[in-house]
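Residue numbers (UniProt numbering), protein chains in the order written: chain P, 1 to 231; chain Y, 1 to 416.
No false leads were mixed into what you were given.
When the alpha-carbon atoms are kept at most 16 Å apart in a straight line, the in silico EDC-like pairs for lysine to aspartate or glutamate are as follows:
no.: 1; chain 1: P; residue 1: K186; chain 2: P; residue 2: D203
no.: 2; chain 1: Y; residue 1: K17; chain 2: P; residue 2: E97
no.: 3; chain 1: Y; residue 1: K18; chain 2: P; residue 2: E97
no.: 4; chain 1: Y; residue 1: K231; chain 2: Y; residue 2: E93
no.: 5; chain 1: Y; residue 1: K187; chain 2: Y; residue 2: D168
no.: 6; chain 1: P; residue 1: K186; chain 2: P; residue 2: D160
no.: 7; chain 1: Y; residue 1: K313; chain 2: P; residue 2: E97
no.: 8; chain 1: Y; residue 1: K407; chain 2: P; residue 2: D57
no.: 9; chain 1: Y; residue 1: K407; chain 2: P; residue 2: D55
no.: 10; chain 1: Y; residue 1: K164; chain 2: Y; residue 2: E141
no.: 11; chain 1: Y; residue 1: K407; chain 2: P; residue 2: D75
Because the hints were derived from the structure by calculation, they are not lab data.
So you can see what is in the structure, the chains are spelled out below.
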Amino acid sequence: MVLSARHLNKYFYDPDTFQVLRDITFDVQAGEFMAIVGKSGCGKSTLLYLLSTMDTDYEGQIEMAGTNLTGRSQDFLAHFRNEHLGFVFQFHFLLPEFSALQNVMLPGQKLGKYPAHEIEERAMEKLRLIGMADYARKPASKLSGGQQQRVAIARALINDPTIIMGDEPTGNLDRANSENVFHIFKELASKGQTIITVTHDPDFAAGTDRIIEMSDGQIISGHENQVRQAG
Amino acid sequence: MDLTIASQIARTHLLAKKRQTLVAMLGVTFGIAMFITMISFMQGVNQFLEDSALDASPHIRVYNKVNTQRSSLIDEAHPGGFNVVYHQKPKAESARLKNGLIIANRIGRQPGVLGVSPQLSTQVFYNNGPIQLSGTIAGVEIDRENQLYRLTTRLQSGNLNALKTNPDALIMGSGLARDLNVRVGDKVTVTTPTGGTRVLRVAGTFGFGISTVDNTRSYANLATVQEILQKDPSYITDIHVKMTDPLQAIPLGKQLQAMFGYHTEDWATANTAILAGEKIRNVMTFVVSFTLLVVAGFGIYNIMNMTVVNKIKDIAILKATGFDGRDIVAIFLLQAVFIGISGGLLGLGIGFGLSYLLSITPFDTGNMISLKTFPVIFAAKYYIMGLLFGVITTLLAGYFPSRKASKVDPVAILRG
Chain P
1 MVLSARHLNK YFYDPDTFQV LRDITFDVQA GEFMAIVGKS GCGKSTLLYL
51 LSTMDTDYEG QIEMAGTNLT GRSQDFLAHF RNEHLGFVFQ FHFLLPEFSA
101 LQNVMLPGQK LGKYPAHEIE ERAMEKLRLI GMADYARKPA SKLSGGQQQR
151 VAIARALIND PTIIMGDEPT GNLDRANSEN VFHIFKELAS KGQTIITVTH
201 DPDFAAGTDR IIEMSDGQII SGHENQVRQA G
Chain Y
1 MDLTIASQIA RTHLLAKKRQ TLVAMLGVTF GIAMFITMIS FMQGVNQFLE
51 DSALDASPHI RVYNKVNTQR SSLIDEAHPG GFNVVYHQKP KAESARLKNG
101 LIIANRIGRQ PGVLGVSPQL STQVFYNNGP IQLSGTIAGV EIDRENQLYR
151 LTTRLQSGNL NALKTNPDAL IMGSGLARDL NVRVGDKVTV TTPTGGTRVL
201 RVAGTFGFGI STVDNTRSYA NLATVQEILQ KDPSYITDIH VKMTDPLQAI
251 PLGKQLQAMF GYHTEDWATA NTAILAGEKI RNVMTFVVSF TLLVVAGFGI
301 YNIMNMTVVN KIKDIAILKA TGFDGRDIVA IFLLQAVFIG ISGGLLGLGI
351 GFGLSYLLSI TPFDTGNMIS LKTFPVIFAA KYYIMGLLFG VITTLLAGYF
401 PSRKASKVDP VAILRG
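Same shape as in the complex, but just chain P (with noise of 0.2 Å):
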């Protein structure tokens, strides 16, 4: 069992009181790969940044990689992040002044678990994986939406992460990369990374090894789905 979430309450308070999370309790077992799917405003995306361990304003009990991560300094989580969580955001990808290569190598810079020249290999064989190895000594702000949240990708696995973790991690790719990112997913699980990821896209679902369907800040319903690799 990597990931263990117990009974996780969650409340805005701008501008009225509102429960956003109630009582979501589930666990993830090591090499699963899982789609979170739910209407808009479900409370699904909140549910990942709690996970993501930067929003620590919540009721209840999280615990990954065997570290229990509720009531952690800021600089513990961070550091935790940088070691075990990998991420894949909407919107949001790259340090724009940064090329492809050094956007993937930061994380990885920042563990230093590698000497430079180690990472920078390591960095290029990631975004050979993903198919922007081309791309990698171009300026990041130079780079469509897609090919970012490519190299994005690529970034959130340099330090070969325990989790990754994904918010419409292929919101911006057409199909043919869309499939690309579903594949490599599903080989990382299959070499027991796991995946989370908050997707719209019942294909892409479809696809994982379960499927959390959340509504009004609830699980609905928690299934296996039926193409479950063995082990």
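Given the coordinates of chain P, assemble chain Y onto it according to the supplied hints.
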């Protein structure tokens, strides 16, 4: 916290907005350049005024203060009584320093004393035809006086050594010589208050750059002046002392007063007005420089604040990918420090250039010959101070926006 990545990101941010970086830098540059120029110039002026005042006056002057106030005999006999004395004459008291030459030699042996010049100073009238001017004449041993006041360097015409060979030689202040319309070789009649008269020949003129000295003072041989006053060869009225360290003059002056019982006056007391002016100029310099730096600081603060607002998405992404608050502070503080140091260094260069230009600018002071250009001091400590001020200002100006950046809530930004 890893400073290499932080500095890499800081560098990229700075290079991405070169114009903005330059503007922020120039704010500091301007402040520091003005600080350097102003302090160098002001200190130059201070130094010049102090030098010219100190050069022309002794560090310690020992003299016999002839006190006209004395109690009458009846007051001494009936103190506190109703005593009325009309028209009491002052006691006949000579301005002589008893054993003055011996005292001078003893002072000369004190530690820290650079030179001692015993002299006989008196009021005189200078006559040249119909022109009559009052002034003072100092009878000196010219070598000792030269050691104190470096007269050789202040000589405008003639020769000091004439005083040694010719008993009637006179070295005259340049302003006095001009007013009397005399040149080297011309004769001047000198009349003392006691009635003695002597015709002396001008052997040289000097200028200290201080009109009160140049317009009144002359030097003659000690023996000659003693002769005009009809005094014996041991008669002297003043002992001038120069120290290697002017600050030592103040305690030594007190000590000498206690030792010999004669009145002593140190340079600080004699030049109170100049020293007060110096303090005021120092305060002014610092206030103006400080204001300039504060303005530059606000400039940096604004630009850094703007940068943080512009980069708020980047900050959110960095935080999401595992950079903590200290990394973010480092990224933005490094930018401020870079702006401060590079702007500061540039400011030092420009400040040096401006001070140099000022120091070679001709400055017409009329007859103040010792000043041909503006006085400017080049001292490393002002440059160090300037750079330090610059860096501290930018650190303060950069810190608050950086802290704001580190407090950015990534969730609020990334949710869109």
